[in-house]
Amino acid sequence: METIDALNVCYYDLNSLIDNSIETDNNDITLKNVFGQRYIGRGLPKKAKLKIYGTPGNDMAAYMDGAEIEVFGNSQDAVGNTMNYGKIVIHGNCGDTLGYAMRGGEIYVEGNVGYRVGIHMKEYKEMKPVIVIGGKAGDFLGEYMAGGVIILLGLNLVKGEDVIGRFCGTGMHGGVIYLNGSPDEYKFGKEIVKSVDVTDEDILFLREHINFYKKMFNKQLDNLKIEVFSKYVAVNKNPYLNMYCTY
Amino acid sequence: MSLDFNTPDFEVIRNGNRCIQCKVCVHQCANAVHFYDEEYDVVCVDDSKCVNCHRCVTLCPTKALVIRKYPLEFRENFNWHGKAIKEIYKQSQTGGVLLSSMGNPEPFPIYWDKMLLNASQVTNPSIDPLREPMETKVVIGRKPERLKFDANGKLLTKMPLNIELKVPVMFSAMSYGSISRNAHESLARAAEELGIFYNTGEGGLSKDFYKYGKNTIVQVASGRFGVHKEYLNAGAAIEIKIGQGAKPGIGGHLPGKKVGEDVSATRMIPVGSDAISPAPHHDIYSIEDLRQLIFSLKEATGYKKPVFVKIAAVHNSAAIASGVVRAGADAIVVDGFRGGTGAAPTRVRNNVGIPIELALAAIDQRLREEGIRNYCSLIVAGSIRNSSDVVKAIALGADAVYIGSAAVIALGCHMCHSCSTGKCNWGIATQYPELVKRLNPDIMYKRLVNLISAWNNEIQELLGGMGINAIESLRGNRLMLRGVDLNEKELEVLGIKYAGE
Chain E
1 METIDALNVC
11 YYDLNSLIDN
21 SIETDNNDIT
31 LKNVFGQRYI
41 GRGLPKKAKL
51 KIYGTPGNDM
61 AAYMDGAEIE
71 VFGNSQDAVG
81 NTMNYGKIVI
91 HGNCGDTLGY
101 AMRGGEIYVE
111 GNVGYRVGIH
121 MKEYKEMKPV
131 IVIGGKAGDF
141 LGEYMAGGVI
151 ILLGLNLVKG
161 EDVIGRFCGT
171 GMHGGVIYLN
181 GSPDEYKFGK
191 EIVKSVDVTD
201 EDILFLREHI
211 NFYKKMFNKQ
221 LDNLKIEVFS
231 KYVAVNKNPY
241 LNMYCTY
Chain H
1001 MSLDFNTPDF
1011 EVIRNGNRCI
1021 QCKVCVHQCA
1031 NAVHFYDEEY
1041 DVVCVDDSKC
1051 VNCHRCVTLC
1061 PTKALVIRKY
1071 PLEFRENFNW
1081 HGKAIKEIYK
1091 QSQTGGVLLS
1101 SMGNPEPFPI
1111 YWDKMLLNAS
1121 QVTNPSIDPL
1131 REPMETKVVI
1141 GRKPERLKFD
1151 ANGKLLTKMP
1161 LNIELKVPVM
1171 FSAMSYGSIS
1181 RNAHESLARA
1191 AEELGIFYNT
1201 GEGGLSKDFY
1211 KYGKNTIVQV
1221 ASGRFGVHKE
1231 YLNAGAAIEI
1241 KIGQGAKPGI
1251 GGHLPGKKVG
1261 EDVSATRMIP
1271 VGSDAISPAP
1281 HHDIYSIEDL
1291 RQLIFSLKEA
1301 TGYKKPVFVK
1311 IAAVHNSAAI
1321 ASGVVRAGAD
1331 AIVVDGFRGG
1341 TGAAPTRVRN
1351 NVGIPIELAL
1361 AAIDQRLREE
1371 GIRNYCSLIV
1381 AGSIRNSSDV
1391 VKAIALGADA
1401 VYIGSAAVIA
1411 LGCHMCHSCS
1421 TGKCNWGIAT
1431 QYPELVKRLN
1441 PDIMYKRLVN
1451 LISAWNNEIQ
1461 ELLGGMGINA
1471 IESLRGNRLM
1481 LRGVDLNEKE
1491 LEVLGIKYAG
1501 E
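Here the protein sequences line up with chains E and H, keeping their order.
The numbering used here numbers the first residue of the first sequence as 1 and each following residue consecutively.
The numbering used here numbers the first residue of the second sequence as 1001 and each following residue consecutively.
Calculated from the structure, these hints are not laboratory results.
Keep in mind that the hints are not guaranteed to be accurate.
To be verified - Each computed SDA-like pair below joins lysine to any residue, with the alpha-carbon atoms no more than 25 Å apart:
| # | chain 1 | residue 1 | chain 2 | residue 2 |
| --- | --- | --- | --- | --- |
| 1 | H | Lys1086 | E | Tyr244 |
| 2 | H | Lys1090 | E | Val228 |
| 3 | H | Lys1137 | H | Ala1470 |
| 4 | H | Lys1257 | E | Ile22 |
| 5 | E | Lys237 | H | Lys1258 |
| 6 | E | Lys214 | E | Val228 |
| 7 | H | Lys1069 | E | Thr246 |
| 8 | H | Lys1090 | E | Asn242 |
| 9 | H | Lys1158 | E | Leu241 |
| 10 | H | Lys1229 | E | Ile22 |
Quick caveat: nothing in here was measured; it's all calculated off a predicted structure.
Please put together the full structure from these sequences, using the hints given.
Set out below in structure tokens:
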């Protein structure tokens, strides 16, 4: 168990300290007083386990390759950017572009997230990324989404508030988004459609991830009914097939 | 379905006296222009499908075939010429956005052809490269302000990350998906033998090609296809693609039909799924954000790889380039409006961006004025056609050039501008196995080696003629250039004098 005090340490040095710790096989690392340092956990392998106290900066867990990160605080933009494998749990809110081009692994956010979350998420064979968000998301959720799953629990919404912003699923050509409730149609892009085909598998998948959310964030969620969730998928995986004529 | 107004672009002429009905043309044409009529036992032709790729002409054993421009003319009209009319027929029939391949073919000025190189006469001797040492090696990356040595002459300055090219020419980004596996392998092997670099493009990299890593530049574009830690560390440098000369400001789109098993594996997306690259990187909305991506890549690779940033040549390139340098790029790549592409909307390709010669001159000038030229190498692309274009680019201020179209022409491309159909008869811009196997990398990589070796000899001849024995001494030496057929503004932007001055 290694503890690093990040106070007044710049990201370059902080990340080097983390690397050094992992090189000496001290894989359980606690970071204290984190204050906006970027790239924490970038590219880290499976054995690493980070606990972060404070507010990690942009691009946390970029290209991450299997590590586990738990953040006790909020996170900034582009968490899990182009992430390959691993697990992130954030006890707080997150900024924009969470999970940009993420290809594998799981991210759990206790609270709300910003714009363009899950943009261009993709999946490949057994790699299937999952983002679970406790609260609501900003505009362009799942833009260009090509694979993976986003789940929005919509907890603690103020009356009249929606679980998503506008332009949800614009350019989507793969993957699944589960939302608590069914927001108005005008909030979605033309490439995404509500699926009537909610299977037992979907219910199981949702239950499994909601249970993990409850456990991690120590919540009861007795009023959360899986039956009211809606499933959204891409209209098709070749959305611009007929847009062009070769010349 | 209304009447098809389109008429053929080309006419296939078969010389009946020479044709032996061997059906080679039938087997070779993926567009099914040639077909065999069993009833009459004769090989026939459908002109309307011909793209003029010369495959049948080249392989016909009796040289019985000729392709010509289709001799049908519209009534002469300078404004409503045949091309403009045909585009309207095409769009009114399909409702589609016109899609083109290869670089801008419109008759805009080609400034390379309006600049002439100097040579030594009497006052300073020219050099004979065949018998005297001549250096064409260049080093790409940040250069220190000054060098410090200790009393024993040992270098004290920590040298920044640099990569070395034996010839100032590299193969530009062409993704696996837009071109075939065999084309990629040819580029990789040629780069290795030549001591230069090829670029993966944005389609990821097959594990089979990791062995060429020290001659590979791996690209990161907005779709982040096949980008992971191992990939980033697989090459000698990383290139962030912001823009491309053929389609500045727009993203990429590899249709699902080109995403087969192999392409799916390198891009890490499901088979048959469209590979869509958004127009911007959605984590980059500013120079500060670009800096964030540059350093996230450096962090992910332990600061062991130089990071290039590729932009298209556009109106404010000089100011943008200054920002890119300050964002921490080790090299900036500028792609001119004639740069090639596997597919781009025709209107964008033909009307967006500026000539590379003007962008290069403006950027080099701006970076020198700001005192930051040494922070970053300058690589230019966007139709470098031959060794004299290379030499002129370097005299205007470039460190090195990228070639794409010239490289695929060396591999057999006949510039039929039909890459987007995916039916390249030469096995370059296609994923059909039966077409890909026509390109034998064992043979074709040597053509690339031949081309660059020949250019290297020519570059040395031109340098020697100017009395210069190292290409580094030519960089930004605009006194070696003179303009012809240029107006004063053009001379001012290029920073060169008129011939005779």
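Hint check results:
Our distance criterion of 25 Å between C-alpha atoms is met by lysine 1086/H and tyrosine 244/E, whose separation comes to about 16 Å. Between lysine 1090/H and valine 228/E the alpha-carbon distance is near 48 Å, which puts this suggested pair outside the 25 Å criterion. A hinted pair counts as satisfied when its Cα atoms are at most 25 Å apart, and lysine 1137/H with alanine 1470/H qualifies at roughly 8 Å. Between lysine 1257/H and isoleucine 22/E the CA atoms are separated by roughly 43 Å; this puts the pair beyond 25 Å, and the hint is violated.
Between lysine 237/E and lysine 1258/H the alpha-carbon distance is near 13 Å, which keeps this suggested pair within the 25 Å criterion. Among the hinted pairs, lysine 214/E with valine 228/E is consistent with the structure: their alpha-carbon atoms are about 18 Å apart, no more than 25 Å. Proposed proximity of lysine 1069/H and threonine 246/E is supported: the alpha carbons are some 19 Å apart, at most 25 Å. Among the hinted pairs, lysine 1090/H with asparagine 242/E is consistent with the structure: their alpha-carbon atoms are about 14 Å apart, no more than 25 Å.
For the hint pairing lysine 1158/H with leucine 241/E, the CA-to-CA distance comes to about 53 Å; that exceeds 25 Å, so the pair is violated. Between the alpha carbons of lysine 1229/H and isoleucine 22/E the distance comes to roughly 17 Å, so the proposed pair stays at or under 25 Å and holds.
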